[in-house]
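S.K.: So the chains spell out like this:
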Amino acid sequence: MLALQILLRNWRGGQLRLVVGALVLAVTVVTSVSLLADRVEKALVNESASFLAADLVLEGNTRIAQDFVERAQATGLRTALMMSFSSMVYHGDDMHLASIKAVESSYPLRGAIRHSDKPFSADPAAEQTVRTGPPVGEAWADARLLPLLRIELGDSIEFGDSHVKISRVLIEEPDSGSSFSLIGARILMHVEDVKTAGVLLPGSRVKHRLLVAETGTGTERVSAYRAWLEPQLSIHQRLITPDQAQARIAESIDSGRRFLLLAGSIGVVLAGIALALASHQFAIGEHLQVGLYKSWGLSGSAIRRLYITYILAIGTLGSAMGIALGALIQGLLVWLVRDWMPIDLPPASFRPWITGMATGFLCLLGFMLPAIWHLPNLSAMTVLRQDIPVKSASTALRGGLGVLTIGLLLLWYSGNVAISMAMLVAFTAIAAAAMGFGLTLLWLGQKVARHLGSIWRLALANLWRRRLQSLIQLLGFSGAIALLMIMAVIRTSLIDDLRLQFDEDTPNHFLYNVASYELQEVEALIEQRALDASGWFSMVRARIRQINGQDIESEQLESHESLQRELNLSWAKNLPENNTITSGDWWSSTPYNAAASPPTLPPLSIEEDLASELGLVIGDRITFSVGGLNFEARLANTRSVSWDDMTPNFYFLFPEGLLEGYPRTHMTSVYIPPSEKLILNDLLRNYPTLQVIELDKIIERVRTIVSQVTRGLEVMTLLILACGILVMFSAVSLSMSERLQESAILRTIGSSQRLILGVQCIEFTTLGVLAGLLAALGAETALLLIEHYLLQLPLTGHAWMWLAGPLSGGLLVGALGVSYSRKSVLLPPLEVLRRL
Amino acid sequence: MIKVTNIGKKVLVADTELTILDALSLNVEAGESLAIVGPSGSGKSTLLGIMAGLDTPTNGTVHIDGQDITAMDEEGRAAVRARHVGFVFQSFHLLPALTAMENVALPLELQKGGDAMGIAGSYLQRVGLADRTEHYPRQLSGGEQQRVAVARAFACKPTILFADEPTGNLDSVTGETINDLLFELNREEGTTLVIVTHEHSLASRCSRQLHLKSGIQFTPVAEMSVKC
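From first to last, the protein sequence lines are chains F and U. For the first sequence, my numbering begins at 1 and goes up steadily by one. For the second sequence, my numbering begins at 1 and goes up steadily by one.
Accuracy of the hints is not assured; some may be wrong.
Said to hold, decoys possible - Just so you have them, the derived chain U footprint on chain F, three or more residues with Cβ under 8 angstroms: (1) 5-11; (2) 288-296; (3) 371-383.
What the hints assert, rightly or not - If the Cβ cut is set under 7 angstroms, some of the chain U residues that face chain F in the computed set are: (4) A14; (5) S45; (6) R81; (7) F87; (8) P107; (9) D164.
Everything labelled a hint here was simulated from the structure, so no lab data went into it. In this text, a Cβ means the ideal position worked out from N, Cα and C, and glycines have one as well.
Turn these sequences into a full structure, and let the hints steer you where they fit.
M.R.: And the structure:
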């Protein structure tokens, strides 16, 4: 109790504030990151189940045996049966081959269905989210079914022997990608209606599914059921789990978590440095106090107990504050990225809270304890003589313990020895390189200053003399500034990319599957509405039969999905915009002559990633089959394709004049303003085979996501900047008594306040400029690596950073440093000297 | 009260053994006041530190209240200090984050000495600072700070008070008031007083003076002539 009282009194002295501040910041950074990662991970587990609409799915071509259902229900699981198939639907004279999905009312077991009461509307107010399928007698259909059958919502359509009412427009259901054909308009209805309609005859192509889910969040019953079910499955049946359904999302969440972990670790490293410096300063301030304690008869062990109580109290208080602040910031992050994660995040598990607390105590053990460990062993004679040597832990030992602490924390966060070791090595290497470079800059600075005025000489000599502190400050600040600049570039380039896509005439719809005989009419309709199409492209559907004269083996067939299906081939005279040749030559340089003698194989261009996945190299021969007719082509070049420019792009391109004889369809991308959106009704009604992809909704969503994610990242970066500022304050406070003494001596011998402030201003500003320079170098290197390896962009420099870095660094560090240390000038010299 | 027998103190400075104190013996009776005087570097503060149990001699023994503190470990000496010893320092050594009251109360609190704040208040009143109890050291003059230090030293009711140049940082008038205070409390509390000082006026108020030069006790000429 007394120890706490003394601790509270010491708080007024100010030295503890930096210690607690650094601790709070470390815990805040880690807690916010771990809370977010934990909640997203939990949401992912739940969500992956909802993408499947269940925890486990049994799929097959035969009816699901009744005892499978009964067994699941007896185990305490929820079930839903589902059938999907294609069937004709009618309204008056209009008909359409629709993709029917028939479900029980309990569907979906996980996730929800989104439907709307307005077709082709982007109005969120018209949307509704429900957790049950349509009632008997009602169906929810794709918007495009309405123009195709010339019906309104509320009309009934004929379906086999019965009628169903189309009551809502179906926007999305959890497992929409799993069983629906793209060709027919989707209709979701109740299984009872399928029975009544009598559309399913023996031999009909139907996919049957049994959906199974836990009543709560556990997994035991599903596991037990699965174990029971697996041995009984026929070869026509298979089980699908959420893991298989969501492997890709898991991957992207995982890289997101790694980024957060990295950002959090940088924050902890900076906060750790600040904590170590602040603790060192705190320990120096305690020397007199410990000497007094000893002179009053307090034993070394009692003093050690006192300081252990301090650490426990600071750890508990600082960690609690950090955890509270971390939870708040996590809330802010979640709010900022709310559209990126449209799912409701479940509450976090207990682990992030423990992680926050453990970080606090581990930081204290690794950074503060080594700095104050020697205090109980101080000689009692310190009260009588200031020159008694203090045997504190060596800088190397403290540095080693600090690195060990960071290593342990990284291991804790990542749970992976390899990742944590790699990060630790990377941090150490970057810090060592930055320190080497910083030291060179400081050395050069003081060399150059010898030729400048006395004020410059003094300031830069000071930086060199206090080079360890200067280096630590350089490191803290350059890290924070570099991160800010990297964020700015990534954010700007992402937003610029999107802005390009958002030009007034940027296509926002794809129209495809337009038959040749309809092309003129569709073109005319688009022109009549003064819409801007990006040009028409022709497509021929073909399948790869042979590569280099060899039939595709069944093993090969399994290896790549593009070998299993029909592909779209197109042709172009010139290399399309935003395409770049990556190997071989485009044919405009050597036009293909079909009548050449001896005959040569026609050239072919393939998108580079696909070519490499199929193991194709320039000169390889590929045989295509178009409706049973085979032709062979030679791979002439590979291209990189910009898929995100919202114009049609193709994996396979041929020279003009080669495929025109084959049956083909046409596609284009077109900008349709919201006011003209109803043209889709006319198009779909008049040309039932035409297909539309509405890009506008996707673009809008991507834009929102990017801006929210970058804002979220900015919050993290600001937290890291706060850590950098704390490092500077800690480092400045280390030299404070020296600065006070210097300032008092200079003023006693007649130097003006202006001169002393000038020296400090030059000192800090130079430090900031050097930090900015170092940051620009670091950011430039990091961005080149990111752009080259991650975004695969051509290498470009960022000249502005070389100006903005030093400028912002100079201003920020100069202003902060001078404001923090100006009290050394404001106090009367006598008082300063007396205090010392 | 304090019995110093043939103590010596040697330290290694740059591989050279330096003798700070050599073959020094003395007795200080209870209630007596002793001034240790001598030029800078004569070993005054080292002797004070050894007598108070803050430091250990290279050879010889020191007894406080009959206990050989040189035979004790640091914990044992700390216990003796807690029971018998108080200090007043040249640079006051008040803790800047604590008020005058808290500075005086702190050693009492650490020794679990009952109503620490009450006792601290009464001692601050005795040194004439009843109206400055909530002031921080930086808000007090040098003389006032030393008075707080004196109050802190006496509040623990030590049987021996060691003062290291108690007026060294003060002007002569302020110094004189501090001296008055020290001797007044010494009388009232019956405390044994051991003072290291440069000042003749202070030394002459002590019942006995010990002159040191290069770590060796010597008798100054003036004193010898008086004795003659």
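S.K.: If a hint holds in the structure, say so; if it doesn't, say that too.
M.R.: Hints and how they fare:
1. 5-11: Result for this restraint: holds, n = 5.
2. 288-296: holds (count 8)
3. 371-383: With 4 residues closer than 8 angstroms to chain U, the segment 371-383 of chain F meets the three-residue bar; holds.
4. A14: violated, 13 angstroms
5. S45: For S45/U, the interface hint holds, since the closest Cβ of chain F sits about 5 angstroms away, which is under 7 angstroms.
6. R81: Given a least distance of 4 angstroms, the restraint on R81/U holds.
7. F87: OK, holds: F87/U within 7 angstroms of chain F, min 5 angstroms.
8. P107: At about 4 angstroms, which falls below the 7 angstroms cut-off, the nearest Cβ of chain F leaves the hint on P107/U intact, so it holds.
9. D164: With Cβ-Cβ at 6 angstroms, under 7 angstroms, it holds.
Checked against the numbered hints above, the structure breaks only hint 4 and satisfies the rest.
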